[in-house]
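Asks: Take a look at the letters that make up each chain.
Number of protein chains: 2
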Amino acid sequence: MKIKYELIKKENNTNARYGILKTNHGEYELPMFMPVGTQATVKTLSPEEIKDMKCGIILSNTYHLWLRPGEDLVKKAGGLHKFMNYDGPILTDSGGFQVFSLAKNKKKDITEEGVHFKSHLDGKRLFLTPELSIEIQNKLDSDIAMSFDECPPYPVTYEYMKNSVDRTLRWAERGKKVHNNENQSLFGIVQGGEYEDLRKYSAEKTVEMDFDGYSIGGTSVGESKDTMYKMIDYAVKYLPKDKPRYLMGVGDPIDLIEGVIRGIDMFDCVLPTRLARHGNAFTRLGRINIKNLKYKEDFTCIDEHCDCYTCKNYTKAYVRHLITSDESFGARLLSIHNIRFLVKMMEEMRECIKNDTLLEYKNKFIKEYQNGKNN
Amino acid sequence: MKIKYELIKKENNTNARYGILKTNHGEYELPMFMPVGTQATVKTLSPEEIKDMKCGIILSNTYHLWLRPGEDLVKKAGGLHKFMNYDGPILTDSGGFQVFSLAKNKKKDITEEGVHFKSHLDGKRLFLTPELSIEIQNKLDSDIAMSFDECPPYPVTYEYMKNSVDRTLRWAERGKKVHNNENQSLFGIVQGGEYEDLRKYSAEKTVEMDFDGYSIGGTSVGESKDTMYKMIDYAVKYLPKDKPRYLMGVGDPIDLIEGVIRGIDMFDCVLPTRLARHGNAFTRLGRINIKNLKYKEDFTCIDEHCDCYTCKNYTKAYVRHLITSDESFGARLLSIHNIRFLVKMMEEMRECIKNDTLLEYKNKFIKEYQNGKNN
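Residue numbers (our numbering), protein chains in the order written: chain R, 23 to 397; chain F, 23 to 397.
Just chain R, same shape as in the assembly (with noise of 0.2 Å):
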């Protein structure tokens, strides 16, 4: 079965939508917050913390799956649920983003046919296509794949997001083709960086195409907030009511709330997790770095608004020890905190698409967490 969507309630005030997605693996709420799951594996995290925290889908990476341990012992195991045993749904990206920020020493050959590159784990060669991307997926047999795109650098020539935004599209259509797995939904990806005509062409060709949903891509490579936002909106507007919207890559606590109000219902990131291993911690009066001197002989918990194991069992005292000893419960510990940190907004902005209070609940929060006392 695909996913299907269900659209609930539009906010009154703003573009933000309340929904429900079925999915083979559950029914879920959206808007959400997708936690990464890299290697099969949300880094340091067990699947029954991912459910305790409440997250819905996960997303894994296709390219770092396809090098390590490759698509074929996936299927042999029955799959990445079986493999990784979590039995929510998972969603895999296309590659495409990997293939630009990790291939090694950044060279890539970029062709109709698909892109040349080199492996970041051994600088082997590889030849990524549209096709091979739907068809590793396939055999990863996630609830949904992405199409390969190119994900552009920014800033860009128009020129070259033009030529990019048709390759994109031709790629689409390509992987649409030799996609093969009713078990799976396939998304279309919205390219087209800062201009606005070339977010409208991606998004309706791409709209033209039917897919499961679509997501946005091409935002967080280093263009402004105000740019992404713009990004979001010129793209959003021609996307189809009844099917889900996804950002991709993005994690930022006001990212989310943005996207939220304009529309986004899905966002994934490795901002959480990755903050944990630094020792860096959301909350809601500002990140905070546990490493810092003051939290030595702080006894209270990370964030007293906080409901997730980590605040309800340890303090920053302890945490900092664990993270400047380089003890791999302190990143479990924050990375439990963080991702259920973004989880607990998306619940408390799917309330106030509800009630109609998601401007409020902006308002406050950005005020908390940009003058909060942690800042």
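One or more of the hints may lead you astray.
One copy or any two copies: either way a pair holds, since identical chains are not told apart in the list.
To be verified - Using 30 Å as the maximum straight-line C-alpha spacing, the simulated DSSO-like pairs for lysine-lysine come out as follows:
#, residue 1, residue 2
1, Lys395, Lys129
2, Lys73, Lys366
3, Lys386, Lys97
4, Lys76, Lys384
5, Lys395, Lys104
6, Lys76, Lys104
7, Lys129, Lys259
8, Lys395, Lys184
9, Lys334, Lys76
10, Lys104, Lys146
11, Lys98, Lys247
12, Lys252, Lys313
13, Lys140, Lys76
14, Lys97, Lys313
15, Lys199, Lys26
16, Lys146, Lys252
17, Lys97, Lys334
18, Lys198, Lys395
19, Lys316, Lys97
20, Lys263, Lys313
21, Lys184, Lys104
22, Lys334, Lys184
23, Lys97, Lys395
24, Lys73, Lys104
25, Lys130, Lys389
26, Lys199, Lys316
If you're looking for bench data, these hints aren't it; they were derived computationally from the structure.
The hints should help you fit chain F onto chain R, whose structure is shown.
Replies: Positioned in the frame of chain R, the structure of chain F alone reads:
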């Protein structure tokens, strides 16, 4: 309250004993294996996971906590239990062993007063005395503290060992004098190397001081297995029946059996967690390294006889993928398996003691472990 040991049954065919240890943090059956939480965390694991594995006492290292985060901070946090959120019993070692094994450049200067050495973290000059070790442990507020001893290398001359044993006895006396925590028990340590009469002397003199329990030190320092087993025999017969006996730093499965047979009640070792971080796993049919290519597409669990979380939910292929991809969830899954493996062995041995079948268990276990297909 101090701990209280109740001997329930001695095995008919060996010196093995089944007993109950009453602590301020619950009652536990002995013999028992205690996992090590060096820096106030059993590496990669949560307190809940430790309990799920049916562990009882865990061990934490005085030397490490003295350096980081410091015993005063732990005291301010409300003691080690509260600091690390573990409400089971905790034993702290004296720091003696770490001084000898970790001190920077292995340079140390042993005087009657104490040991001068350098921090393994930053080379800072440090001075640890029997009194300071006990004072630190008093502040950590563990359930069981250890006397500060000298752990001599192997081999040393009779002369050296005799002097060392005498000094360790004087240090034990000094430590006992300053021990000042009514809720903390204090163990004496029997040294004497491979010299039968020195083990007897050390044991008798230590017992005269009347500690709450006795441990056997100076094993696993390079001697042969046979020599280690003799060291145990030499000491155990002079230890009182109504106090627990603890063999320090021993965690090899066969050594656990040999120790239990000789009348040991408690063991600790970093082996299960250290092996885990290097991809090694205990199985009934021998130790395996999960990185071995032959497990790449092995979709069975690590050990079909194991009841741990890892074996119930994950395949060798997945754990191998995590370990080879440097994902810390792999070390966590193997730590769970390895600790549970040893804890389950102790459960089985306790049953064997009740049924006087420990020698059959030993023979069957050793045969499978040494000749099984995983060797």
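Asks: Compare the structure with each hint and give your call.
Replies: Outcome of the hint check:
1. Lys395 x Lys129: So Lys395 and Lys129 fail the 30 Å test inside a copy (44 Å) and across (47 Å) alike.
2. Lys73 x Lys366: both (13 Å within a copy, 28 Å between copies)
3. Lys386 x Lys97: neither (47 Å within a copy, 39 Å between copies)
4. Lys76 x Lys384: within (22 Å within a copy, 46 Å between copies)
5. Lys395 x Lys104: between (44 Å within a copy, 27 Å between copies)
6. Lys76 x Lys104: both (20 Å within a copy, 27 Å between copies)
7. Lys129 x Lys259: neither (35 Å within a copy, 71 Å between copies)
8. Lys395 x Lys184: The answer is neither: 46 Å in one copy and 61 Å across copies each exceed 30 Å.
9. Lys334 x Lys76: both (16 Å within a copy, 23 Å between copies)
10. Lys104 x Lys146: within (29 Å within a copy, 50 Å between copies)
11. Lys98 x Lys247: Intra 43 Å, inter 44 Å, cutoff 30 Å: neither.
12. Lys252 x Lys313: neither (36 Å within a copy, 48 Å between copies)
13. Lys140 x Lys76: neither (37 Å within a copy, 47 Å between copies)
14. Lys97 x Lys313: Between. Shortest inter-copy distance 20 Å satisfies the 30 Å Cα cut-off; intra-copy 42 Å does not.
15. Lys199 x Lys26: within (21 Å within a copy, 73 Å between copies)
16. Lys146 x Lys252: neither (38 Å within a copy, 55 Å between copies)
17. Lys97 x Lys334: Answer is between: at 20 Å across copies they meet the 30 Å cutoff, but 39 Å inside does not.
18. Lys198 x Lys395: For Lys198 and Lys395, the Cα distance exceeds 30 Å both inside one copy (50 Å) and across copies (48 Å).
19. Lys316 x Lys97: between (49 Å within a copy, 18 Å between copies)
20. Lys263 x Lys313: neither (45 Å within a copy, 48 Å between copies)
21. Lys184 x Lys104: The answer is neither: 41 Å in one copy and 60 Å across copies each exceed 30 Å.
22. Lys334 x Lys184: neither (51 Å within a copy, 52 Å between copies)
23. Lys97 x Lys395: Close across copies (28 Å), not inside one copy (50 Å); limit 30 Å.
24. Lys73 x Lys104: both (16 Å within a copy, 26 Å between copies)
25. Lys130 x Lys389: neither (43 Å within a copy, 56 Å between copies)
26. Lys199 x Lys316: neither (57 Å within a copy, 37 Å between copies)
The structure fails to meet hints 1, 3, 7, 8, 11, 12, 13, 16, 18, 20, 21, 22, 25 and 26 from the earlier list, while all remaining hints are met.
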